[in-house]
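Turn these sequences into a full structure, and let the hints guide you.
Here's the letter readout for the chains.
Number of protein chains: 2
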Amino acid sequence: MVVELISVGTEILLGNIVNTNAAYLSEQCALLGLSLYFETAVGDNEKRLEETLRTALGRSDIVILSGGLGPTQDDLTKETAARVMGKRLVLDEHSKARIEEYFQNSQNGQITENNWKQAMVPEGCIVVDNQNGTAPGIIIEEGEKAVILLPGPPGELKPMFERAIYPYLNEKRPETICSVMVKMCGVGESAAETKIKDLIDAQTNPTIATYAKTGEVHLRVTASAKDEKEAKKLIKPVLKELRNRFGSCIYTADENVTLEKAVIDMLRERELTLTTAESITGGMLAARLTDVPGASEVFKQGLVTYCNRAKRKLLDVKKTTLKDYGAVSEKTAKEMAKNGAFITGSDICLSLTGIAGPDAAEDKPVGLVYIACSYNGKVTVQEYHLKGERAKIRESAVVKALTLLRECIMADGH
Amino acid sequence: MVVELISVGTEILLGNIVNTNAAYLSEQCALLGLSLYFETAVGDNEKRLEETLRTALGRSDIVILSGGLGPTQDDLTKETAARVMGKRLVLDEHSKARIEEYFQNSQNGQITENNWKQAMVPEGCIVVDNQNGTAPGIIIEEGEKAVILLPGPPGELKPMFERAIYPYLNEKRPETICSVMVKMCGVGESAAETKIKDLIDAQTNPTIATYAKTGEVHLRVTASAKDEKEAKKLIKPVLKELRNRFGSCIYTADENVTLEKAVIDMLRERELTLTTAESITGGMLAARLTDVPGASEVFKQGLVTYCNRAKRKLLDVKKTTLKDYGAVSEKTAKEMAKNGAFITGSDICLSLTGIAGPDAAEDKPVGLVYIACSYNGKVTVQEYHLKGERAKIRESAVVKALTLLRECIMADGH
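Just so you know, the sequences run in chain order A and B. Using our numbering, you'd call the opening residue of the first sequence number 2 and step up by one each time. Using our numbering, you'd call the opening residue of the second sequence number 2 and step up by one each time.
It is possible that some hints are incorrect.
[Claimed, not checked] Listed below are the simulated DMTMM-like cross-link pairs for lysine to aspartate or glutamate, each with C-alpha atoms no more than 25 Å apart in a straight line:
| id | chain 1 | residue 1 | chain 2 | residue 2 |
| --- | --- | --- | --- | --- |
| 1 | B | K388 | A | D292 |
| 2 | B | K314 | A | E12 |
| 3 | B | K48 | A | D62 |
| 4 | B | K379 | B | E390 |
| 5 | A | K393 | B | D266 |
| 6 | B | K365 | A | E114 |
| 7 | A | K388 | B | E51 |
| 8 | A | K388 | B | E390 |
| 9 | A | K48 | B | E51 |
| 10 | A | K393 | B | E12 |
| 11 | A | K365 | B | D292 |
| 12 | B | K198 | A | D62 |
| 13 | B | K393 | A | E229 |
| 14 | A | K159 | B | E390 |
In case anyone wonders, no lab produced these hints; they're calculated from the structure. These figures come from a predicted structure and were not determined experimentally.
This is the structure:
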């Protein structure tokens, strides 16, 4: 089954927004095992939208349009799609009632005459409730073809797709698709690919796809079967094999778990507390840890010691260490971690010091980073040579720190 | 002049990457005053790429293709474009020499036979040097039409576009386009639009376009004239009028200056030092300040006091304050800022405490945030009710803190 995407909105053509909807919908279609050959972005222009939709329907089975379902005159996706599919627009009482209800919540502003436009739908279509806005989603079926209309705001499109469109598309497939995302740190992309080249070369069902993220590698394992239970049964031995090959590099097989969440969970289970002592990353590590709801159970405080004086004053790094070895040195990283844990009374302290650039410093190159982990009094320190620009180096350093922390805890045998 | 974009790459259709190139190129075309009606993404497939390119050439003057210029067999953008434009591929000695040079730097790996493919170019084309990779950019002109090929990696595409393609397109226009980005904080999008509605309604040349960012509003002023000097002359009175209306809400009229950079510059000029004391944002404010190269001149350290004990121990917040008013209170924010400045010996301390969610706490709602700024001993505190999910609330809080800091310094009359 071939699917095609059309993103509608002049703001895309003007470059005012990055089209993340297209990336999301593409990934979902890939997950569903649907073929996707073309994606088009077109403005809020009736003629060009009609041309694009007719071309898409000529070569694809299902066309998903996003955007242009708003209440204003500019928004004409629904009107155009209905005309191309040969359908009249009729009032949908259910959608009308939902819009009224939405505006009864005074936070959502005043209802205007325009809003009723959003309750008009192509006759005989499937109406999909919008739980985060007023524009309903719409599925128009005609013969073997289907046109799906989704609202443009990602906060409306994504939940609607997950709840109603994914199951609709999955239903249309002869088989059910199931997938698991295996996330790893501490292993490079090409090393990971080499390690499973035989599996990838021999794969039919399930398949394995590799995704490189900063400092991480994700593997999506996808199986197709007559039902979910069968698909999961197919995935199980592959997961086991991946665990055999990558061991503790795998930090989760749950799509929704981030590395920082996995680390926080690990600390929580072991009832360990963590402090950060950051120089090069200037608070990024702490910020990332506190992205996780409930981080406060294990992460109580962090210190950003950006200048030498702060390293001395807040972390008791020795004056002679800074003088003889420099702020970017194994010795400074060690003292930061050791003293950080002691001063705050935490079980663990992660410290980072390095050169993010753009300029080198202390006669040391951009990208040189030392990360230390003090864990129950024992300090492990690593030297890294990170690539890229300032922002990339800082981001990589944060991932390396989280990875080192995991390794230290696991080396402890827990 | 009508331009059209084609992004080539199966990784786009699989949703592995977000197509930021398309957003960048769209914005640049808008800046140049070029009309852009269609953007298509297509995989590394000869037949479908050819179909897409022929359609584009049928309705647009200039077609910009990005991606598919790599050294492997999969990459076929150049071969397809040459065939559609009726050109043979010939060896470009200049590009060959550049590729050799690139690989002489051993960091770039070993040269392989494949790499010479990248030195083949359509006969009679304009070759554009790639200063960040091995695939040259290519401009094929034929009659009134032009096809421009750019490498896919953003780190290669953007610098090449800026250096060579922007001037090439600008040259093709009958007039020159010039634009200035005016960036503001402390004013909402709809308030900003209302304030300049008369200017927008009456605009012809220059034009003003509004962009909403988290906690900020950006206005792009664009003028068209026979040369750059004339265009700048047209922009000048509009800038002056915007400064009249928005006053100190405008923090820069320089595209490349971020709010954190403007704040760092402001502190540097006044020789002021800054400390952060973060609870809700958990290091995000410090991380954002240290995104700016050279931030260390004014930002020496930051404290992340995520739990109450850390607020007491690191910032001397009174036990009775936390008990009687709670961690999320005006009084706690004030003490955090005042004590943070005193303890670190900084001129300024910004503190943030609030409830990011997902759950409410202390019987206070998600989104309630207090931000205090201690400046030369005087403490200003503000209460905010921020909307959105956890990440959005935290990001908004950081922008509010930077905005409050600007206001406090400016209120001081400097």
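* Asked: Hint numbers the structure violates, sorted upward?
  -> 2, 4, 6, 7, 8, 12, 13
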